[in-house]
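Protein chains in written order, with our numbering: chain A, 363 to 718; chain B, 363 to 718.
Don't read these hints as lab results, they were simulated from the structure.
It should be emphasised that the depicted structure is a prediction, and the values quoted were computed from it without experimental measurement.
Among the hints, a few may not be true.
You can't tell identical chains apart in this list, so a pair holds if it fits in one copy or across any two.
Claimed, not checked - Below, a list of computed lysine to aspartate or glutamate pairs in the EDC-like style, where the Cα atoms sit at most 20 Å apart:
{"id": "1", "residue 1": "K447", "residue 2": "D464"}
{"id": "2", "residue 1": "K413", "residue 2": "D656"}
{"id": "3", "residue 1": "K368", "residue 2": "D451"}
{"id": "4", "residue 1": "K493", "residue 2": "E560"}
{"id": "5", "residue 1": "K447", "residue 2": "D698"}
{"id": "6", "residue 1": "K413", "residue 2": "E423"}
Number of protein chains: 2
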Amino acid sequence: MQAQAKICQTVPYLGVGNMLRLLAHQGLEPTIRGMAAYIEEDFRRWPLFDKCPRVASHSAEGVIELMPTSDGTLYGFKYVNGHPKNTHDGLQTVTAFGLLSDVATGYPRFLSEMTITTAIRTAATSALAAKYLARPDAQVMAMIGLGAQSEFQALAFRALCGIDRLRVHDIAPAATAKFIANMADQGLTITACASAAEAVLGADIITTVTADKLNATVLNDNMVGAGVHINAVGGDCPGKTELQADILHRAAVFVEFPEQTRIEGEIQQMAPDFPVTELWRVIAGELPGRTSRDQITLFDSVGFATEDLSALRYLRDVVQGTPFVEDIDLVAAPTDPRNLYGLIRAAAPAPLMETL
Amino acid sequence: MQAQAKICQTVPYLGVGNMLRLLAHQGLEPTIRGMAAYIEEDFRRWPLFDKCPRVASHSAEGVIELMPTSDGTLYGFKYVNGHPKNTHDGLQTVTAFGLLSDVATGYPRFLSEMTITTAIRTAATSALAAKYLARPDAQVMAMIGLGAQSEFQALAFRALCGIDRLRVHDIAPAATAKFIANMADQGLTITACASAAEAVLGADIITTVTADKLNATVLNDNMVGAGVHINAVGGDCPGKTELQADILHRAAVFVEFPEQTRIEGEIQQMAPDFPVTELWRVIAGELPGRTSRDQITLFDSVGFATEDLSALRYLRDVVQGTPFVEDIDLVAAPTDPRNLYGLIRAAAPAPLMETL
Numbered sequence: 363m364q365a366q367a368k369i370c371q372t373v374p375y376l377g378v379g380n381m382l383r384l385l386a387h388q389g390l391e392p393t394i395r396g397m398a399a400y401i402e403e404d405f406r407r408w409p410l411f412d413k414c415p416r417v418a419s420h421s422a423e424g425v426i427e428l429m430p431t432s433d434g435t436l437y438g439f440k441y442v443n444g445h446p447k448n449t450h451d452g453l454q455t456v457t458a459f460g461l462l463s464d465v466a467t468g469y470p471r472f473l474s475e476m477t478i479t480t481a482i483r484t485a486a487t488s489a490l491a492a493k494y495l496a497r498p499d500a501q502v503m504a505m506i507g508l509g510a511q512s513e514f515q516a517l518a519f520r521a522l523c524g525i526d527r528l529r530v531h532d533i534a535p536a537a538t539a540k541f542i543a544n545m546a547d548q549g550l551t552i553t554a555c556a557s558a559a560e561a562v563l564g565a566d567i568i569t570t571v572t573a574d575k576l577n578a579t580v581l582n583d584n585m586v587g588a589g590v591h592i593n594a595v596g597g598d599c600p601g602k603t604e605l606q607a608d609i610l611h612r613a614a615v616f617v618e619f620p621e622q623t624r625i626e627g628e629i630q631q632m633a634p635d636f637p638v639t640e641l642w643r644v645i646a647g648e649l650p651g652r653t654s655r656d657q658i659t660l661f662d663s664v665g666f667a668t669e670d671l672s673a674l675r676y677l678r679d680v681v682q683g684t685p686f687v688e689d690i691d692l693v694a695a696p697t698d699p700r701n702l703y704g705l706i707r708a709a710a711p712a713p714l715m716e717t718l
Numbered sequence: 363m364q365a366q367a368k369i370c371q372t373v374p375y376l377g378v379g380n381m382l383r384l385l386a387h388q389g390l391e392p393t394i395r396g397m398a399a400y401i402e403e404d405f406r407r408w409p410l411f412d413k414c415p416r417v418a419s420h421s422a423e424g425v426i427e428l429m430p431t432s433d434g435t436l437y438g439f440k441y442v443n444g445h446p447k448n449t450h451d452g453l454q455t456v457t458a459f460g461l462l463s464d465v466a467t468g469y470p471r472f473l474s475e476m477t478i479t480t481a482i483r484t485a486a487t488s489a490l491a492a493k494y495l496a497r498p499d500a501q502v503m504a505m506i507g508l509g510a511q512s513e514f515q516a517l518a519f520r521a522l523c524g525i526d527r528l529r530v531h532d533i534a535p536a537a538t539a540k541f542i543a544n545m546a547d548q549g550l551t552i553t554a555c556a557s558a559a560e561a562v563l564g565a566d567i568i569t570t571v572t573a574d575k576l577n578a579t580v581l582n583d584n585m586v587g588a589g590v591h592i593n594a595v596g597g598d599c600p601g602k603t604e605l606q607a608d609i610l611h612r613a614a615v616f617v618e619f620p621e622q623t624r625i626e627g628e629i630q631q632m633a634p635d636f637p638v639t640e641l642w643r644v645i646a647g648e649l650p651g652r653t654s655r656d657q658i659t660l661f662d663s664v665g666f667a668t669e670d671l672s673a674l675r676y677l678r679d680v681v682q683g684t685p686f687v688e689d690i691d692l693v694a695a696p697t698d699p700r701n702l703y704g705l706i707r708a709a710a711p712a713p714l715m716e717t718l
């Protein structure tokens, strides 16, 4: 980059290359644990946040969303898309990036890739919720759907909940093969199952994380036994659900931000007054999580802006002062703020001009 | 940058340094004209755009806003802050950056600084409106307020309307001195005036572009004669206006997006049904602009998301294939989109690792 100290305020930038270097350096599971700690901290101070449902621009092919929030000191937002058909063209369903800025000045302070980060923060949030909601002696997790999110979910549940036995299923054998190959050196005991019904047998936790955008029934009511914790990740936008509604009636349902989850989550199937508990109240100790061994608990996860701000805070802090961050010249900074034109009037920065 | 072809989709990035190089290379006025042509084109196809008021996060110190829009093919948004007290700390009131992405895939396609760009697009929009609304024989412009936007306004009115005589006033003599110094080599005839009342004498166009956030009266009704076009730029957020309401009653008022202007513009002083004309309808030929020589026309400018998308489109097209753009590794792109984890599992990109 050709950032010029006199003309701009540089912004620390964590790109994809450096994100991968950071993960190679410190490991994915420690990263998940570190990010989960920031997410947990921010759930505890939930009332501080300026919260609104995401700002969505829908098209026939998908959705592009902006997810802003602020804790009064830091402002953050994420740009994220959701285009289910992208995979047919070799593209990802979800890409994302995000920014932190100072509320007091409005100046950008950190820009980061968030495609990889979103997968990590989603898995970290799932496992964090399970830490509060699943039975403490849970050992076996069933996972239905082995797409782009699945490995992150598996490693997050080991990192935060100690789950090391997995029963997995995907309708696509290639997805199962990919998951098993990716997890081969992780020391997990993985059982590939021919059906979702087989996968959930004996599972203490059931994670549903399928990708198709439709009202599917990945999990039937008769597949869910007493005492299970359900981590419902894939039902996350209007018209996309994974669970039979009967399960929701039997379960204690926990959500991030009810106003958003009623639009996007599994509970879009339910009446507007369907009772839910805000996860932050459990984490903050205001309300109980699981109240008995036999209770069915359900985290209806859709992903909320505060989790992205937590993830950005974590990454900003972790990369500060390391070689894993670059400076980019995103913000013009004239010596006299009233003289923006002075930047243009001054001699143009030297590099590059010679090449023209 | 250490962008890796195999792991990411690079995004063209126009930083502050390259923006200044581009302006030094092609000149500010040609840039204003080029950007105005894109803005004009997008006003003509206004009904295509997905429009909403900006998404604002207010604090005691200022506001941080996201301004998204889409024409069905391209999605764009701008991040912009407004912190009037920033200048006391040597910081700018407004900083901004923006992004274009493909509606069809959601993938980011262009990232740009927009602090300088916002000043250019605001001035280009002002002059474009005047081209349709001011008397064709207008020769003299009064400008009240000589802050960061003033030079851009002056040059835009010359570039688009041929205005080369300016009568200027600012309550701060230093601002006037700065403006005159910046414009010294531009061939404009500039008269510094001791008051706003003096500045408007004989002016065909009056531009108000003051910075303080309050309901001020920069322009009194008795200062505005028949046939004048008023370019009201500074009244652009709730609680910030510049014109005495009586002027609005006498004038034909033109706005960008009424839903937003009624909140932010001069017409925040008026009843919710105060009659206004959408500027795009004049540009598209649906409605007349000025209907007589004696009419007072008023462009109540607040800045709208479509203008930022136009500006980003222009910059993307202009820098493509030039040395004025860099690639940054903003978007992770695994070979198999279902195997995001594969990026992490693969050997980390080589650069930097040796330095740890």
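Query - Homo-oligomer pair classification [D451, K368; C-alpha up to 20 Å] - result: between (44 Å within a copy, 16 Å between copies)
I want to check one pair: K493 and E560. Are their C-alpha atoms no more than 20 Å apart within a copy, between two copies, both, or neither?
neither (25 Å within a copy, 71 Å between copies)
| task | Pop the pair K447 and D698 into one bin, within, between, both or neither, using alpha-carbon distances up to 20 Å. | result | between (49 Å within a copy, 14 Å between copies)
- Using 20 Å as the alpha-carbon threshold, which applies to K413 and D656: within, between, both, or neither? Answer is neither; intra-copy 34 Å and inter-copy 50 Å both fail.
Query raised in the report: When no copy is named, should K447 and D464 be tagged within, between, both, or neither for a Cα gap of at most 20 Å?
Result: between (37 Å within a copy, 14 Å between copies)
> Given identical chains, is K413 near E423, meaning Cα to Cα at most 20 Å, within a copy, between copies, both, or neither?
Replying inline: between (27 Å within a copy, 19 Å between copies)
When each numbered hint is compared with the structure, violations occur for hints 2 and 4.
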